[in-house]
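> Sequence:
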Amino acid sequence: MSVLSDAQVQRFIEEGFVRLDDAFPGQVADAARDILWRDTGCSPDDPATWTRPVIRLGEYAQEPFRQAANTPRLRAAYDQLVGPGRWAPRMSLGSFPVRFPSTENPGDDGWHVDTSFPPPDGGTGSFFEWRANVASQGRALLMLFLFSDVGEQDAPTRIRIGSHRHIARLLAPEGTKGLSFMELAQKLEGTTTCPEALASGDAGTVYLCHPFIVHAAQPHRGTRPRFMAQPPLFPSGPMTLDGHAGDDFPITQAIRRALSEAPSR
Numbered sequence: 001m002s003v004l005s006d007a008q009v010q011r012f013i014e015e016g017f018v019r020l021d022d023a024f025p026g027q028v029a030d031a032a033r034d035i036l037w038r039d040t041g042c043s044p045d046d047p048a049t050w051t052r053p054v055i056r057l058g059e060y061a062q063e064p065f066r067q068a069a070n071t072p073r074l075r076a077a078y079d080q081l082v083g084p085g086r087w088a089p090r091m092s093l094g095s096f097p098v099r100f101p102s103t104e105n106p107g108d109d110g111w112h113v114d115t116s117f118p119p120p121d122g123g124t125g126s127f128f129e130w131r132a133n134v135a136s137q138g139r140a141l142l143m144l145f146l147f148s149d150v151g152e153q154d155a156p157t158r159i160r161i162g163s164h165r166h167i168a169r170l171l172a173p174e175g176t177k178g179l180s181f182m183e184l185a186q187k188l189e190g191t192t193t194c195p196e197a198l199a200s201g202d203a204g205t206v207y208l209c210h211p212f213i214v215h216a217a218q219p220h221r222g223t224r225p226r227f228m229a230q231p232p233l234f235p236s237g238p239m240t241l242d243g244h245a246g247d248d249f250p251i252t253q254a255i256r257r258a259l260s261e262a263p264s265r
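With the first letter of the sequence shown counted as 1, position 198 gets the number 198 in the numbering used here; the numbers rise by one all the way through.
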């Protein structure tokens, strides 16, 4: 089953993301949100309890979250973008940064690229030391799951369209060791001219993003809290960039196309 049109797949390759509406049912989002509200310690009906701009909640593997991650529409999209048998089913949806309307700066709204494997020596345990390389070791997709309706004022994630191409060219000379989160964060000047998109939509919408996409949070200027998960889709094995038929899918096609373009500065 194909849920993404040829045009959508080409946009993923060129722009670095695709929006999938109705990726999971609204009632599943409602059930998940009830669990999340309880764990925030806040009341959905009492804005006086919304005292922080963001509350980060931990790993969620209850049934609504497993259902949301494994609908037939999403599994078909994973197959189209990453390849059948090339990804591992998600049994949870990771952490949730729940964002509340606030005039306070959340302090976590810088532009960045998500990294996916630890340094060879293990490092200190800081996520800022984790790394990304040109073969996207440890990550097949970045995914943005909307569990509440998200409008333009509701702190939608900002996406730099096409920035994944720049990041591929930055990573290529670094080989398998790649760059750390902080090293990448200091090299994003070349993406500042990219047009921006906002990850908005109704509850049940999922943005499937290339793992190299540059993105950022932003303050919430709306009226209702925003519930979103941002888990990776893990590859089932290493990805190669040699164009072999067994690993020739949009995720790697995007990288190869970027590397054939003019080098980054």
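For the record, the hints were derived by calculation from the structure and aren't laboratory data. Model, not experiment: these values are computed from the prediction. Among the clues, some could well be false.
[Said to hold, decoys possible] With a straight-line cut-off of 25 Å between C-alpha atoms, the simulated DMTMM-like cross-links for lysine to aspartate or glutamate are: (1) LYS177 / ASP114; (2) LYS177 / ASP121; (3) LYS177 / GLU63; (4) LYS187 / ASP202; (5) LYS177 / GLU104; (6) LYS177 / GLU189; (7) LYS187 / ASP121; (8) LYS177 / GLU129; (9) LYS177 / ASP46; (10) LYS187 / ASP248; (11) LYS187 / GLU63; (12) LYS187 / ASP247; (13) LYS177 / ASP247; (14) LYS187 / GLU261; (15) LYS187 / GLU14; (16) LYS187 / GLU129.
[Claimed, not checked] Pair ranges (Cβ atoms, derived): (17) PHE117 / SER5: 28 to 34 Å; (18) ALA48 / GLY110: 18 to 24 Å; (19) ASN105 / LYS177: 39 to 45 Å; (20) GLU14 / ILE35: 33 to 39 Å; (21) PRO120 / SER92: 41 to 47 Å.
Beta carbons are placed, not taken as given, at the ideal position from N, Cα and C, and that holds for glycine.
> Of all the hints numbered above, which does this structure not satisfy? Sort the numbers upward.
Violated hints: 3, 4, 5, 9, 10, 11, 12, 18, 19, 21; rest satisfied.
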